[in-house]
Amino acid sequence: MYGRYLLRSLVDYIGLAAVLALLIAAFGFATDYFFTWTTFRTIANQIPDAVILATGMTFVLIIAGIDLSVGSVLALGGAVLGLALVRWQAPLPVAILACVGVGILCGAVNGFFVVRWQLPAFIVTLGMLEAARGGAYLVTGSKTQYIGTGIEWINRGNFMGLSLPFLCAMLVVLAGQFLLSYTTAGRSMYAIGGNEEAARLSGIAVGRVKLLVYMICGGLASLAAVIHCARLTAADPNAGIGYELQAIAAVVIGGTSLMGGRGKVINTLFGVIIIAVLESGLVQIGAQEPLKRLVTGGIIVAAVIIDYYRRKI
Amino acid sequence: MKKIFVTYVLMITVLLVSACGKQDNGAVQPETKAPEKPRIALVMKSLANEFFLTMEEGAKAHQAAHAERYELFADGIKDELDVNRQIQLVEQMLSRRVNAIVIAPADSKALVQVCQRAMEAGVVVINIDNKFDADVLAERGIHIPFVGPDNRKGARMAGEYLAKKLQPGDPVAIIEGVPSAYNGIQRLQGFREAMDAAGMNIVASQVGDWEMAKANQVVSALITEQPGLKALLCANDSMALGAVAALRSAGKLGQIHVIGFDAITAAVEMVRKGELLATVAQYADQLAVYGIEAALHLIETGAAPEDKETPVELVSAETVK
Chain A
1 MYGRYLLRSL VDYIGLAAVL ALLIAAFGFA TDYFFTWTTF RTIANQIPDA
51 VILATGMTFV LIIAGIDLSV GSVLALGGAV LGLALVRWQA PLPVAILACV
101 GVGILCGAVN GFFVVRWQLP AFIVTLGMLE AARGGAYLVT GSKTQYIGTG
151 IEWINRGNFM GLSLPFLCAM LVVLAGQFLL SYTTAGRSMY AIGGNEEAAR
201 LSGIAVGRVK LLVYMICGGL ASLAAVIHCA RLTAADPNAG IGYELQAIAA
251 VVIGGTSLMG GRGKVINTLF GVIIIAVLES GLVQIGAQEP LKRLVTGGII
301 VAAVIIDYYR RKI
Chain B
1 MKKIFVTYVL MITVLLVSAC GKQDNGAVQP ETKAPEKPRI ALVMKSLANE
51 FFLTMEEGAK AHQAAHAERY ELFADGIKDE LDVNRQIQLV EQMLSRRVNA
101 IVIAPADSKA LVQVCQRAME AGVVVINIDN KFDADVLAER GIHIPFVGPD
151 NRKGARMAGE YLAKKLQPGD PVAIIEGVPS AYNGIQRLQG FREAMDAAGM
201 NIVASQVGDW EMAKANQVVS ALITEQPGLK ALLCANDSMA LGAVAALRSA
251 GKLGQIHVIG FDAITAAVEM VRKGELLATV AQYADQLAVY GIEAALHLIE
301 TGAAPEDKET PVELVSAETV K
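Protein chains in written order, with the numbering used here: chain A, 1 to 313; chain B, 1 to 321.
Any given hint might turn out to be false.
[What the hints assert, rightly or not] Reference listing, derived: stretches of chain B covered by chain A, where coverage requires no fewer than 3 residues with Cβ under 8 Å from a Cβ of chain A:
no.	stretch
1	134-141
2	147-159
3	201-207
4	246-258
5	262-270
[What the hints assert, rightly or not] Partial list, computed: chain B residues near chain A (C-beta under 7 Å):
no.	residue
6	E50
7	L53
8	P179
9	S180
10	V218
11	S220
12	A221
13	E225
[Stated by the list, open to error] Computed beta-carbon distance windows for the label pairs:
no.	chain 1	residue 1	chain 2	residue 2	range
14	A	V301	B	R272	46 to 56 Å
15	B	R96	A	G297	36 to 46 Å
16	A	T38	B	P168	48 to 58 Å
17	B	P168	A	I306	44 to 54 Å
18	A	R87	B	R96	31 to 41 Å
19	B	N84	A	L119	23 to 33 Å
What the hints contain is simulated information worked out from the structure, not anything from laboratory work. Bear in mind that the values here come from a model prediction, so they are computed numbers and not experimental data. We put the beta carbon where it would ideally sit given N, CA and C, even for glycine.
Okay, chain A solo, but in the shape it has when bound (with noise of 0.2 Å):
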């Protein structure tokens, strides 16, 4: 029995990691210094809030849920931070707590919609991408705020080549696999997702799971907010447009069904990861716009393709 899941992970793995090293091949054949230290660093260091926004997403998409507004509190979480920052001068830990904060709240305010009223989720998330968009442009004044150094060391700060985003991206996808694989928490939102109904009668609190879900999504939405700033060093109201599409392409990738029940927050790392190699390998190779969008859309079908056949075997 335990032998089987292992032999299913590791083709998932396999599966995956394969579409990884094809694209990596085609780049570096194709390139002159994509197959370099140089590129691999850089990559890892653009992912982090991508990995953190994919993995909150993850369960979201698990409990066959969706979450449309990572992108909009991405936004208001870094304003909150640039404002905490610049203009009260607060100490980097308690800007980045008002922030996290933040995102929690906008999450437990999706969550509470969601299971109080039994609304769908596409519409509270929906409602949230807006206003917590205009929160944005309420805190920062409409206006690119830059931060400064106050918040570049987040990002310098580095182990053996990889940086602190970086490892801390990695600690938030091992704990989000932990809590689904090893917990009570994480099996109920398999449960949830497999079949609600089942799961409320089998008695599990559906929807204290569902609210802790969005929480968890919205305080990662927000937590990337922290490392995307500490990236640019500015907070800017227009950012994460479109973040939330991005997750999800990336957590279907993995494999996670847009259905429920069924997913893995590891397998999102490599969705992320195969679709920022996707877009750097572009660029090194100079493609134009038109014809980067076609490959990315491309690469998307084709991945969930391969899904639906590797989960025959």
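Chain A is already provided as a structure; the job is to place chain B on it using the hints.
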């Protein structure tokens, strides 16, 4: 819980009522005093964008200082691509019986039709910021005066300044705006002309969608592939900020020159610190004002509408205050 909900509803009602009250005060009261005062509508693109916000604030300040000359109705759409909503806005302004519309069109073709209807209704239309497509105007047989900066000239100025810091043959890269935007295309042309004239080698030209994060990602990949790169020409300041952040993480800050466009607050700060070589100011706070002045001139004198070029200026270490 119910109490909180009721409080919210009350608060929102109060806000709405007070907002309506304000509008009435602005629009109706002066009319009774001086009915012949021209009513000018300012229809903007995204008010979420600092650039347009500055434009609107400039216009409001101008109106406050010249309250006896005209009334101002300013409105904008929520993002720069919401063409439909902007058409509706123009229609609303027409039903408010304005004398002139000063518009920064979200699309240089799609807004022509509604503006033509406005002109047929006897409303003066002035085009600012994003120029209407010349072919569409010609096909419809109308002329809408454009009052605004020459983006191509501004970009060429920045490019020429950059060229002085480089050797002929040096590899440079361009980060473009949204490919369909008129001002983005103009800036790209200006950059190219300056670089070609100085004999630089443009090794890459990539789209950064006007966005900081997108430009950051594109530039990170670019500098890996082109280790010898000497300069990055960005079509706006948001992208220049993203580029500078990318250079900083790669430890190449100071080795590669970056130029931007628009002179937003954060970018001017970076020019002062020497992280950004130069940017181009087109006096955002005055752009709408130039348009309003042109509209007033047309209404007051009935003169034939003419295009008018507004100033652009290079902001570099030498000129920054």
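Hint-by-hint comparison with the structure:
Coverage of the stretch 134-141 of chain B by chain A is violated. Counting CB-CB distances below 8 Å, 0 residues qualify, and the rule asks for three or more. With 0 residues having a Cβ less than 8 Å from any Cβ of chain A, the stretch 147-159 of chain B misses the three-residue criterion, and the hint is violated. Chain A is given as covering the stretch 201-207 of chain B, and this holds because 3 residues of the stretch bring a CB closer than 8 Å to a CB of that chain, at least three being needed. Figure legend: the stretch 246-258 of chain B, annotated as covered by chain A; annotation consistent (3 residues with Cβ-Cβ distances under 8 Å, at least 3 required).
For a cut-off of 8 Å, the count of residues in the stretch 262-270 of chain B with a CB near a CB of chain A stands at 5, and the three-residue condition holds. Residue-level restraint check for B/E50 holds (minimum Cβ-Cβ distance to chain A is 5 Å; threshold 7 Å). Satisfaction of the interface hint for B/L53 is found here, the shortest Cβ-Cβ separation to chain A being roughly 5 Å, below the 7 Å cut-off. Of the supplied interface hints, the one on B/P179 holds, with its beta-carbon coming within about 6 Å of a beta-carbon of chain A, less than 7 Å.
Proximity of B/S180 to chain A is violated relative to the hint, the smallest CB-CB distance being about 10 Å (cut-off 7 Å). Checking B/V218 against chain A: minimum C-beta separation of about 5 Å stays under 7 Å; hint holds. Annotation: B/S220 was flagged as interfacial toward chain A, and the flag holds, the nearest CB pair being 5 Å apart, inside 7 Å. Against a cut-off of 7 Å between C-beta atoms, the interface hint on B/A221 holds, since the closest Cβ of chain A lies about 4 Å away.
The beta carbon of B/E225 is positioned within 7 Å of a beta carbon in chain A (closest approach about 4 Å), and the interface hint is therefore held. Checking the proposed 46 to 56 Å range against A/V301 and B/R272 shows it holds: the Cβ atoms sit about 48 Å from each other. The supplied range of 36 to 46 Å is met by B/R96 and A/G297, whose beta-carbon atoms lie about 43 Å from each other. Separated by about 28 Å at the C-beta atoms, A/T38 and B/P168 break the suggested range of 48 to 58 Å.
Between B/P168 and A/I306 the beta carbons are some 50 Å apart, a value that agrees with the proposed interval 44 to 54 Å. Distance hint check: the CB atoms of A/R87 and B/R96 are about 37 Å apart, consistent with the given range 31 to 41 Å. Evaluation of the 23 to 33 Å hint for B/N84 and A/L119 yields a pass: the beta carbon distance comes to about 27 Å.
Violation of the numbered hints given earlier is confined to hints 1, 2, 9 and 16; the remaining hints are satisfied by the structure.
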